[in-house]
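Just so you know, the sequences run in chain order W and S.
Under this note's numbering, the letters of the first sequence match residues 1 to 357, in that order.
Under this note's numbering, the letters of the second sequence match residues 1 to 1071, in that order.
For the record, the hints were derived by calculation from the structure and aren't laboratory data.
Some clues are possibly wrong.
Claimed, not checked - So the derived label-pair ranges between C-beta atoms look like this:
#1 W:Lys25 with S:Asp40: 52 to 62 angstroms
#2 S:Asp40 with W:Gly283: 51 to 61 angstroms
#3 W:Glu235 with S:Arg271: 41 to 51 angstroms
#4 W:Ile166 with S:Tyr209: 47 to 57 angstroms
#5 S:Lys466 with W:Thr301: 53 to 63 angstroms
To be verified - From the derived model, a few chain S residues whose C-beta atoms are all more than 10 angstroms from chain W:
#6 Asp84
#7 Asp104
#8 Leu254
#9 Arg263
#10 Leu329
#11 Thr340
#12 Thr386
#13 Asp416
#14 Lys425
#15 Asp450
#16 Lys541
#17 Ala546
#18 Asp609
#19 Leu1023
#20 Lys1052
Unchecked claim - No more than 27 angstroms apart at the CA atoms, straight line, and that leaves these computed lysine-lysine pairs for DSS-like:
#21 W:Lys77 with S:Lys261
#22 W:Lys3 with S:Lys1007
#23 W:Lys69 with S:Lys261
#24 S:Lys142 with W:Lys77
#25 W:Lys134 with S:Lys338
#26 W:Lys25 with S:Lys675
Even glycine gets a Cβ: it sits at the ideal position worked out from N, Cα and C.
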Amino acid sequence: MIKQKAKLILEDGSEFSGYGFGSDKNVTGEVVFNTGMVGYPETMTDPSYCGQILTFTFPLIGNYGVPGKERENGLLKNFESEKIHLRGIIVSDYSFDYSHWNAKQSLHEWMVDENIPGIYGIDTRMLTRKLREKGTMLGKIVFENTKDELSFEDPNKTNLVGEVSINEPVEYTKGKKKLVFVDCGTKNNIVQAFLRRDITVIRVPYDYDFLSIKADGIVLSNGPGDPKMNPVTIENTRRAMEKGIPMLGICLGCQIMGLAAAANTYKLKYGHRSHNQPANESGTKRCYITSQNHGYAIDSTTLSEDWREWFQNDNDGTNEGIIHISKPLFGAQFHPEASPGPDDTEFIFDLFVRALN
Amino acid sequence: MIKKGKPKKVLILGSGALQIGQAGEFDYSGSQAIKALKEDGIETVLINPNIATIQTSEQFADKVYFIPIKTEFVEKVIEKDKPDAILLGFGGQTALNVGVELFDRGILEKHNVKVLGTSVEAIKDTEDRFLFAKRVNEVGLKVARSKTVTNIEEAIAAGKIIGYPLMVRIAYALGGLGSGIVNNKEELVDKAKRAFSFTKQILIEESLYGWKEVEYEIVRDRYNNCITICNMENVDPMGIHTGDSVVVAPVQTLSSHENFKLRSIGIKLIRHLGIVGECNIQYALDPHSDDYRIIEVNARLSRSSALASKATGYPLAFVATKLSLGYNLNEIENSITKETSSCFEPALDYVVLKYPRWDLQKFKAVSTQLGSEMKSVGEVMSIGRTFEEVLQKAMRMLDVGYNGFTVNDLDTKITDDLLAKPTDKRISLLAKAIEEGYTVDRLHELTKIDRWFLFKMKNIIDLQNKLRKPKLEDVDAELLLEAKQKGFSDKQIALLTNSGEFEVRSKRKDFNIVPFVKQIDTLAAEYPAQTNYLYMTYNGKEDDIATKEENQTCLTAGQVIVLGGGAYRIGSSVEFDWCCVNSVLTLGKLNYKTIMINYNPETVSTDHDICDKLYFEEMSLERVLDIYEKENPLGVIVSMGGQIPNNLAVKLFNKGVNILGTSPAKIDNAENRHKFSQILDQLDIDQPEWNELTNLEEAKKFADNVGYPVLIRPSYVLSGAAMSIVLTENELEEYLKKASDISQEHPVVISKFITDAREIEVDAVADNGELYCYAISEHVENAGVHSGDATIVLPPQRTYLETMRRVKIITKEIARELEITGPFNMQFIAKDNDVKVIECNLRASRSFPFVSKVLKINFIDIATKLIMGQKLPKIDKSSFDLDYVGVKASQFSFTRLKGSDPVVGVEMSSTGEVACLGDDFNEAFLKSMLSVGFKIPQKGVLLSTGTLKEKAEFLEELKTLRKMGLKFYGTKGTADFYGESGIEVETLHRPFDNQEPGILSHLQDGKIDLVINIPKTSEKEELDSDYLVRRRAVDLNIPLITNLQFAKRFVKSLRKYLSGELHVKSWDEYM
């Protein structure tokens, strides 16, 4: 492969030069970083990254290639959705050669197939420190000898959830217990978590009137962007909560529950994107290592009387989950389904399943 | 925060002398434990005879015992000091084994001593293979198919069921001692026999050769919070002991699914076992699926945990100690960020590589093959942002002559066999194999190393080919930067482009290609780090920390760099770390900002809270200059870290670096044999006659002139030909033919060897040429045993006052002549009152911690103050007048080095040392012996006591041994000789006689528990026969003595033991 120069330009005017790989398309998006050390195929297909350009802080990326497209319950087994949702990736040292028994192609080949560009040869630590100091920024990837005609565009001002949600309801039939699963841009493994527990899942679009379906419980999935951009979902959620139907919100879903419960959400300076976020369970001495990917959070001081902070981030004290004092309503800011990441909080699915009646 | 119910006084067991499989990492973990306890206001009592450790220094434990780590001694300390709790997980396998014994004998219960952290029951579950497999199966997890056997017949039967090849493992063994793969019944029987001499049970299991080997470090608190701190992947697959494997952190070839699957399995098992604190779990992972086997759990701090601490910045030993006191994970602050808690899993934004350091060339007849028994004596760790970078850095750090992964001077011919059968040279051979056209697939087939690592190695070779240019000018900026990013040193590039190292340096600086300083912060830049734990890389564009500018405005006295000791190896280990740490601590007290450069993960000096800035970096000329230019310090101290910094002194000085202490020109005067000899002549100081010779005829002539025996020292060559004493012209000829190609470029130094002489050692500190303080110690063995292997006693016991006076005068004269400021060490040879100088080093020596602690005068503290220009008052002379004796003894690791001849000589072969104090010489000596593994003989002694003269000399001692009720065995000559004096010696046949009763079978049958074997002749057959006897003794773990003075002293001190007077006194009780 011929080395092609490319650069990342940030909205503050700073530039980072490296070499391109994957597709050679110029893109724009919100630049964020993830400190996980493995799991690029899962991370890149996580719909919550929609609209973003992701910096991997771990410098060696591509080592074990990209796995095949086997399916389980109709869902891709090795990926979190049908396609890459990121706009582009930034790495320090891309590994052109890969080695793994399960790999079918290189990361580069996959990104070419999916028309996603990447840059390697970047001081990703320098970039991360900048994002940490100044907060997430808009940016664009521009290849050498191409016209830089894209303008910075804030994806959080667009209907990102609408972009990544499904269009029509889909039913995954398993056991007698049934869940309505509101897809705001879900990761496959959240759906799988219930299917593996023999629960039938009816997956509906984010703005679907899900109260029209009779179910034992409701799940609000993760998804991209600002939770306040989803007024229809918030309103549906508020109505469902009034009825006391068991509900579990994950990540964006948790924030939507918070908004539906009249609490406020705000944008974090640079978000939590990693596999090592410690979450303390309130009132216990337990601390779980969680996988996270969010740029917004619930302001737990705005929670009403009926709600409690369930988990709190042990690093910065931000909210990591909410729980209702009497009704079976649970919200987890982190990802109990892991993938990629530690499965310490998998028990939340069991907890929720027990609450279904 | 005060923990309820936490103990008031805690006893900590150390790990004793450094040996293969158990080295400096336990000084690091023990020191951390003490810090953690002290922070909680808990009183600490430490047992560790390893006097060169940091943990046994004044500022650490409240009470220190330099006594053997053996149950009976520990019990006496418990009775005396009445601790209410004990820590077993910080002294390696040694502490763990003693802890289990204390528990089993009810000693802990009797004295109400609580075991902190993981319970003894849980420890036993992890130590006993059978119990372990049972516990793993209970939670539905997998271990290798195996069978525990207790005798040879059972072993054969198990082999039949599981099928060959098989892995034979031995329980309760440090560093996989005696373990190995066997391919057939014969090999199995042989291995099993050897094993049963150490242990009652062995394990026969399915061989997982070629699987990936992966480790996780896990911590758990008593509230069941359980997290993994670091994962590591061995570049060398299963089949090579982890301690002998090149290891990367974090794992590189595992998918997220595999990685988190192994994490979950580990956590599940650790919770089930009920570990509290830290542990390590090892897996084998199928390279063709996600199938796995759990290999083992170490329920204690380990070599891997020390590595993981350094690799991540997460202080595992400190945290483990707090957890064992009852804290939960998020009550402990993250000491790097000071902002976040310890309940998190570090995210790395760099890659770390550990490379083992072997010293096999120091041993006669040793096998260089690597397998499941560990052979390395130390390790290095490199940090960078590409695999290529860390591999090349690490190979340079080894200090064995590599320029990196490639551009090495290797004349080995590559064969498939050589690649398939790993030796200590394997990785460097891979470079050559790739150059010769071996494909990645073929190399993978031969080595089972994952292709990803091989691809990366190939990248280096590909780049090397691009760099190979007729002139340096042909290399453009882009290529030069790429080379630096892939870890090429200026020297490597120079060698490839027919230029010089400094031409490359100035060219790249013209291109603005310089390395950048990055911080290790445990969170991949997510939070700011408060600690300056640093490395350098070319894969970056900015420094994390302000360097020069900030320093000019800082309010302290300025910055000082201390160069560390590098990898532990034979001849340089924890002693130099002690010197470096003490120097840094003193500099801190003097208000200097301290910068430490070192790259050994087993050390305390690389603990980021010891200094203001830690550069975990190469100590090459190139890199030290890089750091010097970034930091602009006042100067560099090169006299603390041993020979590596000492060798850099002149080179750095020539590049304008300010060397603090003795001037580099003077260092050169001491290092250069010719210059030093001239100085001695000028001062009228005697030295053994010597000459540097370039051909055989001259050599013969010189030896004839001075008379045999002579000592031959080949000039430094990579093959590492050993120093040797030769007795005859024939030997001289033979030696010179095989050991080195004697020539103009490779001369040999021959010196007169003085027999029956004593060796005396002086450790001293001088100030502007004035001797400030000194310690004279004496070797127990006569000259001919390397000072690093000799048993050393302070104060001297047999040296005449007149000799001492001469030694002191000479030391003063040398200090004045070389204008020494700082530490130095001299070695003398004394016969009658005739004193000759044999060596002088203008740096701290191996024995500095020993003399400092015995005299209770910190020579390094003094040296550092003098180097920095402080004026100190004279030391009161009475301080050197002791009412007690210190004896330093060497620890050998021959047992682990299969085939090596376990005999001490002029080439150093010990891997560690201890020192004990006693009210007299014999007491201190015997305690030291017991500390390095000697046992009191109960049954029989095999005698081979050298020449007739030596035999006669030993007669008195035999009478003592007879009184102890011991039986004697020997060859016919020995039996006849002693028979005449009325001492009965049972005659045994020598190995080559092939007749019973034979020596070997008696050793095997356990009838002999002490072997005294003094080598005497140069006759081939007798040499070989003696070798077999010594080797067998070592293989069977029977104490072996090969030196007559040592043997005599041992017997004399045994007499002392018979009267029951081995006192258990702490360091501060010796006044």
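Taking the hints in turn, this is what the structure says about them:
{"no.": "1", "hint": "W:Lys25 with S:Asp40: 52 to 62 angstroms", "result": "holds (58 angstroms)"}
{"no.": "2", "hint": "S:Asp40 with W:Gly283: 51 to 61 angstroms", "result": "violated (26 angstroms)"}
{"no.": "3", "hint": "W:Glu235 with S:Arg271: 41 to 51 angstroms", "result": "holds (43 angstroms)"}
{"no.": "4", "hint": "W:Ile166 with S:Tyr209: 47 to 57 angstroms", "result": "holds (49 angstroms)"}
{"no.": "5", "hint": "S:Lys466 with W:Thr301: 53 to 63 angstroms", "result": "holds (60 angstroms)"}
{"no.": "6", "hint": "Asp84", "result": "holds (24 angstroms)"}
{"no.": "7", "hint": "Asp104", "result": "holds (33 angstroms)"}
{"no.": "8", "hint": "Leu254", "result": "violated (7 angstroms)"}
{"no.": "9", "hint": "Arg263", "result": "violated (6 angstroms)"}
{"no.": "10", "hint": "Leu329", "result": "violated (6 angstroms)"}
{"no.": "11", "hint": "Thr340", "result": "violated (4 angstroms)"}
{"no.": "12", "hint": "Thr386", "result": "violated (5 angstroms)"}
{"no.": "13", "hint": "Asp416", "result": "holds (21 angstroms)"}
{"no.": "14", "hint": "Lys425", "result": "holds (24 angstroms)"}
{"no.": "15", "hint": "Asp450", "result": "violated (6 angstroms)"}
{"no.": "16", "hint": "Lys541", "result": "violated (4 angstroms)"}
{"no.": "17", "hint": "Ala546", "result": "holds (13 angstroms)"}
{"no.": "18", "hint": "Asp609", "result": "holds (21 angstroms)"}
{"no.": "19", "hint": "Leu1023", "result": "holds (50 angstroms)"}
{"no.": "20", "hint": "Lys1052", "result": "holds (59 angstroms)"}
{"no.": "21", "hint": "W:Lys77 with S:Lys261", "result": "holds (15 angstroms)"}
{"no.": "22", "hint": "W:Lys3 with S:Lys1007", "result": "violated (73 angstroms)"}
{"no.": "23", "hint": "W:Lys69 with S:Lys261", "result": "holds (20 angstroms)"}
{"no.": "24", "hint": "S:Lys142 with W:Lys77", "result": "holds (24 angstroms)"}
{"no.": "25", "hint": "W:Lys134 with S:Lys338", "result": "holds (21 angstroms)"}
{"no.": "26", "hint": "W:Lys25 with S:Lys675", "result": "violated (68 angstroms)"}
Checked against the numbered hints listed earlier, the structure breaks hints 2, 8, 9, 10, 11, 12, 15, 16, 22, 26; every other hint is satisfied.
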